[in-house]
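There are 2 protein chains.
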Amino acid sequence: VPAAEGRVPPERLAALVEGVLHAWGMPAEHASIATAHILYADLHGIDSHGCAMLPHYDRLRVAGSLAMAPEITVVREGSTTALVDGGGGLGHVPADTAMKLAIAKSRECGVAAIAVRNSGHYGAAGAYAALAAEAGLIGVATSTSAIRAIVPTRGMEAMLGTNPIAFAAPAARNEPFLLDMATSTSSLGKLRIARQRGERIPAGWALDSEGLPDTGRTLGTSEPRLTPLGASPELGSHKGYGLAAAVEILAAVLPGVLSAPAAPGSGRRVGHFFLVLDPGRFRAAGELERDVDVLLDGLRGSEPADPALPVLVAGDPEHAARDERTRTGIPLTPGVLEELREVARTSGVPFVLDEQD
Amino acid sequence: VPAAEGRVPPERLAALVEGVLHAWGMPAEHASIATAHILYADLHGIDSHGCAMLPHYDRLRVAGSLAMAPEITVVREGSTTALVDGGGGLGHVPADTAMKLAIAKSRECGVAAIAVRNSGHYGAAGAYAALAAEAGLIGVATSTSAIRAIVPTRGMEAMLGTNPIAFAAPAARNEPFLLDMATSTSSLGKLRIARQRGERIPAGWALDSEGLPDTGRTLGTSEPRLTPLGASPELGSHKGYGLAAAVEILAAVLPGVLSAPAAPGSGRRVGHFFLVLDPGRFRAAGELERDVDVLLDGLRGSEPADPALPVLVAGDPEHAARDERTRTGIPLTPGVLEELREVARTSGVPFVLDEQD
Numbered sequence: 002v003p004a005a006e007g008r009v010p011p012e013r014l015a016a017l018v019e020g021v022l023h024a025w026g027m028p029a030e031h032a033s034i035a036t037a038h039i040l041y042a043d044l045h046g047i048d049s050h051g052c053a054m055l056p057h058y059d060r061l062r063v064a065g066s067l068a069m070a071p072e073i074t075v076v077r078e079g080s081t082t083a084l085v086d087g088g089g090g091l092g093h094v095p096a097d098t099a100m101k102l103a104i105a106k107s108r109e110c111g112v113a114a115i116a117v118r119n120s121g122h123y124g125a126a127g128a129y130a131a132l133a134a135e136a137g138l139i140g141v142a143t144s145t146s147a148i149r150a151i152v153p154t155r156g157m158e159a160m161l162g163t164n165p166i167a168f169a170a171p172a173a174r175n176e177p178f179l180l181d182m183a184t185s186t187s188s189l190g191k192l193r194i195a196r197q198r199g200e201r202i203p204a205g206w207a208l209d210s211e212g213l214p215d216t217g218r219t220l221g222t223s224e225p226r227l228t229p230l231g232a233s234p235e236l237g238s239h240k241g242y243g244l245a246a247a248v249e250i251l252a253a254v255l256p257g258v259l260s261a262p263a264a265p266g267s268g269r270r271v272g273h274f275f276l277v278l279d280p281g282r283f284r285a286a287g288e289l290e291r292d293v294d295v296l297l298d299g300l301r302g303s304e305p306a307d308p309a310l311p312v313l314v315a316g317d318p319e320h321a322a323r324d325e326r327t328r329t330g331i332p333l334t335p336g337v338l339e340e341l342r343e344v345a346r347t348s349g350v351p352f353v354l355d356e357q358d
Numbered sequence: 002v003p004a005a006e007g008r009v010p011p012e013r014l015a016a017l018v019e020g021v022l023h024a025w026g027m028p029a030e031h032a033s034i035a036t037a038h039i040l041y042a043d044l045h046g047i048d049s050h051g052c053a054m055l056p057h058y059d060r061l062r063v064a065g066s067l068a069m070a071p072e073i074t075v076v077r078e079g080s081t082t083a084l085v086d087g088g089g090g091l092g093h094v095p096a097d098t099a100m101k102l103a104i105a106k107s108r109e110c111g112v113a114a115i116a117v118r119n120s121g122h123y124g125a126a127g128a129y130a131a132l133a134a135e136a137g138l139i140g141v142a143t144s145t146s147a148i149r150a151i152v153p154t155r156g157m158e159a160m161l162g163t164n165p166i167a168f169a170a171p172a173a174r175n176e177p178f179l180l181d182m183a184t185s186t187s188s189l190g191k192l193r194i195a196r197q198r199g200e201r202i203p204a205g206w207a208l209d210s211e212g213l214p215d216t217g218r219t220l221g222t223s224e225p226r227l228t229p230l231g232a233s234p235e236l237g238s239h240k241g242y243g244l245a246a247a248v249e250i251l252a253a254v255l256p257g258v259l260s261a262p263a264a265p266g267s268g269r270r271v272g273h274f275f276l277v278l279d280p281g282r283f284r285a286a287g288e289l290e291r292d293v294d295v296l297l298d299g300l301r302g303s304e305p306a307d308p309a310l311p312v313l314v315a316g317d318p319e320h321a322a323r324d325e326r327t328r329t330g331i332p333l334t335p336g337v338l339e340e341l342r343e344v345a346r347t348s349g350v351p352f353v354l355d356e357q358d
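Here the protein sequences line up with chains D and A, keeping their order.
Its first residue numbered 2, the first sequence is counted upward by one per residue in the numbering used here.
Its first residue numbered 2, the second sequence is counted upward by one per residue in the numbering used here.
Calculated from the structure, these hints are not laboratory results.
Among the hints, erroneous ones may be present.
Pairs of lysine to aspartate or glutamate residues, derived as DMTMM-like cross-links and limited to a Cα-Cα distance of at most 20 Å, are as follows [to be verified]:
| hint | chain 1 | residue 1 | chain 2 | residue 2 |
| --- | --- | --- | --- | --- |
| 1 | A | 191 | D | 235 |
| 2 | D | 191 | A | 235 |
| 3 | D | 101 | D | 59 |
| 4 | D | 191 | D | 176 |
| 5 | A | 101 | A | 59 |
A few chain D positions that, by computed beta-carbon distances, are all more than 10 Å from chain A [unchecked claim]:
| hint | residue |
| --- | --- |
| 6 | 11 |
| 7 | 89 |
| 8 | 199 |
| 9 | 335 |
| 10 | 339 |
So, partial list: chain D residues that the calculated Cβ filter (under 7 Å) puts toward chain A [claimed, not checked]:
| hint | residue |
| --- | --- |
| 11 | 84 |
| 12 | 112 |
| 13 | 153 |
| 14 | 157 |
| 15 | 235 |
| 16 | 289 |
| 17 | 292 |
| 18 | 338 |
Where a beta carbon is used, it is the ideal one built from N, C-alpha and C, also for glycine.
Please work from the sequences and hints to get the whole structure.
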């Protein structure tokens, strides 16, 4: 099936990504795993966390702050827990390793918790939580971020990463429930797009250098200062701030990266946290999946404010994007295409996105 | 020490609460545990979840939908998991049982997850998470709510409870980090107070019967329709909605109360979920607590927008209320005092709050 105009077949984008990672010195097995997680983001419509990250990864690599063939080790392990060391590379492979270990341990023991230290950007948190749901388990995936972006309630300074939380649970007839959210109101990606286009942003997304709501005036001149989910004290921003701090405890304090020195050129050291729970220890086989269906069907069937915009459940936009992009290809902006072309050129990898079917 | 004017000594309020619960037929040991959790809310400034709930509990009891001497049983148990049945009573004792069992299991195995079914209102979720932090562990406590109050993003109907999430972690020099938040923007209690006072509420807290932002116009005439944390689609309400649904999966679907028939007069059956994690499986003794201090000190020390309002961390308001109320007594509004007097009278319990020191 030829891709629609301006769109790239997923398998061709995967070949480019895998080729670039391999050319950078990533071992073949690691490049295959990392590519699968990068493509997950591109396929599921999470455009800021997929192939568009390659130029950033390249800058870190050139700056010497990203190991391309790190040793990924389990430094501590018990029946239900483990501490994984990412070896100073990208996060996809250590995160994949940790989530699969958590899945195996939870099948054995009922529940498992794994923390990862000395890691890097791992793409979309939902990709890892989804692995648990695909295995019939409940999964949680969180991560800190190298860049401080969230300003505490009452504060002026960006102190916490956008610290995502992903939660997935399996259903019987439905796709899994799949929540994948930053603990900020908006995202660095949306601010970047607004800045590039010279557009104003909604009041509540960011603060200016005086701590006042920023609607675009200072976005180009200051470091991003995102509000926590809730946007303002009146609307509960202390809750989003509290969630971001809780993620910092699980994914930075617990694996021991909070007080680790920053990597040169890459900001803070990144940590992750994964939790997996086997519903078979609580319900008879199939009962949880059946009741998740009841919940999801009930929510989707509830009355919408606008009949043209039905009520959705977490994961619906991502699953719809995946279905559509699998059919018609992955849309890439001209800017991302040019950046990928340059990355391919400097890496000595053929730019297969230009090829015709 | 005499209590300040209009304030009640905590020990006297505890005596009244315990006396009433006992008079309702709650066994002495259960009444003591439930009283401790009810007083936790009153002491920590969570006024809507403490003794002010007694008149509501009384109405449920009189309606025959609240067992006062339920059999609380562990119906399924593994090394890291358990399913507890609350026997159709209040939630405080089954929740206390479940959290203490999770603490014991996590000490043994590293991590433990416990779900509770057939339960009722358990007061402040933070009280249970705090038990884990006091034991040197990381604790999570969630619960569904009998009343549907949160309207999904894009929706019109209240479909989910205010489904709280509590998260606690121990520190060395600091009080524990203690997040205790509803997944709604505001709370039923704040709406009730606004209605009683005839005040308008901020746009973003609730919807009117047409699904539009309600600032007070219809609060008195319609069932409450709270927005999820995030308040509007533009400010990320799909994230708060997703968190509320994730809590519904953990605390209703997992223990099997989602599709259970509603209790007569009390709304939906209530379920809880608890998770405890032993940081000693990841870090050397004392390291986690030391780094939680680094995190909390760093956040509190960051620059405030208004120098008169320093940056706080989750738990600060509750710990300050506890310190102040321990010294000066618990403030009760005239309305709550009158309701408690009536509950004491109909229960045949002396109204000790009138006594002088």
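Hints and how they fare:
In summary, the hint linking residue 191 of chain A to residue 235 of chain D is supported, as the alpha carbons are separated by about 12 Å, within the 20 Å threshold. For the suggested pair residue 191 of chain D and residue 235 of chain A, the alpha carbons sit about 12 Å apart, so the restraint of at most 20 Å is met. Restraint check: the Cα-Cα separation between residue 101 of chain D and residue 59 of chain D comes to about 27 Å, which exceeds 20 Å; the hinted pair is violated. Distance hint between residue 191 of chain D and residue 176 of chain D is unfulfilled; the C-alpha atoms sit about 27 Å from each other, more than 20 Å.
With a C-alpha separation of about 27 Å, the suggested pairing of residue 101 of chain A with residue 59 of chain A is violated against the 20 Å cut-off. For residue 11 of chain D, the condition that its CB be more than 10 Å from all CB atoms of chain A holds, with the nearest at approximately 26 Å. With a least beta-carbon separation of about 19 Å from chain A, residue 89 of chain D lies farther than 10 Å from that chain, consistent with its non-interface assignment. At roughly 19 Å from the closest C-beta of chain A, the C-beta of residue 199 of chain D stays outside 10 Å, upholding its exclusion from the interface.
No Cβ of chain A approaches the Cβ of residue 335 of chain D within 10 Å, the least distance being about 27 Å, so the stated non-interface status holds. With a least beta-carbon separation of about 31 Å from chain A, residue 339 of chain D lies farther than 10 Å from that chain, consistent with its non-interface assignment. The closest approach between the C-beta of residue 84 of chain D and any C-beta of chain A is roughly 5 Å, which is under the 7 Å cut-off, so the hint is satisfied. Taking 7 Å as the C-beta contact cut-off toward chain A, the hint placing residue 112 of chain D at the interface holds, the least distance being around 5 Å.
Among the interface hints, the one on residue 153 of chain D holds; its C-beta lies about 5 Å from the nearest C-beta in chain A, closer than the 7 Å criterion. Interface restraint check for residue 157 of chain D: the shortest CB-CB distance to chain A comes to about 4 Å, inside 7 Å, so the restraint holds. Given hint, residue 235 of chain D at the interface with chain A, holds; its Cβ is 5 Å from that chain's nearest Cβ, closer than 7 Å. Given hint, residue 289 of chain D at the interface with chain A, holds; its Cβ is 6 Å from that chain's nearest Cβ, closer than 7 Å.
With a cut of 7 Å, the hint placing residue 292 of chain D at the interface with chain A holds, because the nearest CB-to-CB distance is about 5 Å. The restraint placing residue 338 of chain D at the interface with chain A is violated, with a minimum CB-CB distance near 29 Å, outside the 7 Å limit.
In terms of the numbered hints stated before, the structure departs from hints 3, 4, 5, 18, listed from lowest to highest.
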